[in-house]
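Undergrad: In terms of numbering that gives the first Met the number 0, the sequence shown has 615 at position 616, counting the first letter as 1, and numbering is strictly consecutive.
Hints should not be assumed to be uniformly reliable.
[Claimed, not checked] Label pairs and their calculated CB-CB ranges:
(1) E127 - W735: 11 to 21 Å
(2) W271 - G629: 35 to 45 Å
(3) D440 - P21: 28 to 38 Å
(4) E127 - K650: 52 to 62 Å
(5) E643 - H802: 53 to 63 Å
[Said to hold, decoys possible] Derived pair list, reagent style PhoX-like, types lysine-lysine, alpha-carbon separation capped at 25 Å:
(6) K441 - K623
(7) K795 - K676
(8) K218 - K370
(9) K676 - K700
(10) K339 - K700
(11) K638 - K676
(12) K110 - K91
(13) K623 - K131
(14) K126 - K110
(15) K815 - K794
(16) K274 - K373
(17) K101 - K91
(18) K715 - K441
(19) K101 - K126
(20) K218 - K373
(21) K239 - K218
(22) K373 - K239
(23) K131 - K110
(24) K699 - K676
(25) K239 - K370
(26) K638 - K658
(27) K699 - K623
(28) K274 - K131
(29) K715 - K457
(30) K875 - K274
Bear in mind the hints are in silico, worked out from the structure with no lab data behind them.
All C-beta atoms in this analysis are idealised placements derived from N, C-alpha and C, irrespective of residue type, glycine included.
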Amino acid sequence: MTKAGRQERSNQAPPGADYRWPGVDPDELGQVRTLYGICGQCMQGDCATLLHMEDGVVTRVEGNPTAPPNYGSLCPRGAAQIMNLYNPYRVKTPLVRTNPEKGLDVDPGWKEVSWEEAMAIVIERLKEVRAKDPRGLLIMEGFGNRDSLLRNHFADAFGTPNVVGSHAPLCSIHYASNLVHAGYPEQVAEMEYCEYLLSFGRSLGPNFATTGAIRRFAKAMRRGMKLVVIDPRCSIEASKGEWIPIRPGSDLACLLAMANVMLNEGLPFDQWFMKHRTNGPYLIDPAGDYHRDPSTGRPMMWDPAAGRAQTFDAEFQDIALTGSYTVNGVSCRTGFDLVKEGFRQYTPEWAEEICTVPAATIRRIAREFVKHAKIGSTIQIDGFTFPFRPVSVNTHRGVTNHRGGTYAELVAKLMNMLVGNIEVPGGCVGDSMRGPLLEPDKDGVVRPQFKAQPHPFKFPPDSIDGHEYYPHKNCTPHLAVQAILDPARYHVDYNIEAWLNLGGNPIRKNAQPQKYVEAMRRVPFVVSIAYHMDEPTIMADVVLPEHANMERDIVSVLVPPHQTVGGEVYGADTARVRQAVPALFDTRHCDDILTEIAEGTGVLRGPGGVYDRLNRAVNHLIMKDGFFLGEGTLDINRKHAREEIQDQLLKTWPRGDGKGLAEINQEGFFRHPRSEKEFFTYYFFPGNAVRHPFYFEHLKKCGDALRADLRQAGIKFPGIADEETIWEQYQPVPCWIENSEFQAPPEYDLWVVNWKSPYHPHDSGNPGGNPWLAELYTEDPFDFAIFLNSATAAKKGLKDGDHVVVESRHGLTSGKLRLTELLHPDAVGIPGSYGLGTLQSNPLMCHGPHYNSLLTTDDNTLDAISAGQEISPRVKVYRGGEAR
């Protein structure tokens, strides 16, 4: 955008930006109140707060000292959320577009209307869409409305499969944990007992100021936990341990080499775990599948003492982990042997050429990891004896969001399994509900859950977002817009007729923002349930203003943390309440808006309606530990107030004792602790009761099925130049996959990386537009700029403070350069989620380098399993650009 264009943006305020603030309610004068709150200022967003009010004005927000998970601490975002409420750039009343032209810098010609008029327009158009084909409604959601009770139930009742998350294509972290741990969303380190933590491309809490995780991290470091961080950047937490810089996008090579050292260089491993807790001993036929007993269909293992193969669930004198055996005339090998042989080629010397981590360092870290695992040791917790493996290797989006990224996370799982640390104290555990998750399937292996369970194939596809082609995918707004712009290419036989934006921002938060703008132009009717005039909202035909975070009353159940777990959250079965402050403007609660739309479109009541689905809903994160109304709790034939639903959720909570909204408004939260041993899912399936997948036959089977489905449909894999680049990622033994950026032209001599900052880890709560936070992030020497290694900058003749352009093959951005020693020499760093904005945005939202403009939505660059986007493209850096 030109300088003149940016100046024009700053000159035009959204409707009501000069709004005169309403006077204080006379009844509030002289009143001093404290309300219970739930923060909501990041994706995790679950810190318990206290909101202090004087004369009807919120004057201070602090952590609730008695409530988990933060126990009184609060990050800068939480403390600054007052300005999320008192934000003059909020949307304050319903708006209808009068200018048919659309764009981020186009004046929509907003007309202020009543709620009745706005809702009538929306309901009429959505009724037309549903009558024609309910799949024609796309709901673009995100973390901004993660506390909505009705969002998904409205979509199901309406009949659209097209609920697309805008918030995770750059954070595709689920598949491997859903496969190995049977839990969602991912895996974390168990910090109460961990003694050696190897962290690849992730945060443990301090990097983006998650207070509970910071406390667990600090406690572990104080008692002597060794931390090794392998990352292109020396982060806040890396500075507290050993930092090993790595070239961006090359983690898979480093992990393969470490696993090879553990498997093939004589290091000890947990033989008991491998024999009794994994499918490593299963016999594999020449096609790569389990060799099955002809009479029962069960996988077989070899008993070397008996000299014969038996089904996995028979009595064994011993179990062979290695070797070749002929069974029923078929030559077989163990899965463990195939993994071991497959990794042999990935030497540390080979990896060093790719990832730049010295071969000696790779070997040292692998050996340290095994040494600290204390293989064979046990620990007693609440009278139960667990294996004690106080080590963990954990990965995150920095590792997974590349072509082949799923393999990288699976290799990390193999490293953990080799020392036997899965779901035991000190080891690698899931962060979903705690309980009997590790249910075995018919083959005795952990039953895959969530993203690891393939979506059924249908042709032509029902889903606009590629779910039939990527059956294990994470959120894929990029595939949705590709199909909107070119439905024939993806064999979609209907059009998206309406787009409902709700808590998500696919333009700002994803690659190639202009492609989303074009897709939204293509959709005939766009509605935005909006807090402020963000990028998708300025593209809307109707804007329905929603409450700010503090104005939304909710009840929720605490879910396990996403960064780490430890003693203070063991068994923290906790229901909480957010008590709303009075609404400042003509806004509404999101669930009230959805209720009215559902009522108007005829999907609120009756069988299959919103209330019927809400009665039967189970929390996808914590399942039976979450709210569950149960069949018949809500009368599905009459309308219910939001407060009535909240009261019933509390009273029917399986972990509760029948108390409801009145009681929680007095107490702030209900907590029902359980014993510490129940946190570890090993407790529910001990010994050889279940096996974790070490040989990934399930992945191979899913790939085989997908290929067969495509052939039966008479098509090739849509959007892909060479299908083999898909099938090579569905192999049962992970292998080296070169991501799309390794073959970039030589002029793109650097790799760009992004990290979450304490001020702006997510857009939840609009931190970029918060003036209190802006005072911090604009002055922080480690934020709000473009970072380059000092030696690299010197070679390019660049100096600290220069204005530079960062350009990839896909786009460019610009900003102020800062030099640092805390970045790999081959890396360019851009923190946070700044930049872009609209003609009517808060001016703060238009400044800073926009990292996502460097990325691409090209199908050929995606990970074939998660459909995650490449987040570290090759770039070049040169002097130029303008201060923003």
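Undergrad: Hint by hint, where does the structure go against what was stated? Just the numbers, ascending.
TA: The structure breaks hints 1, 3, 4, 7, 9, 11, 13, 18, 23, 24, 27, 28, 30; every other hint is satisfied.
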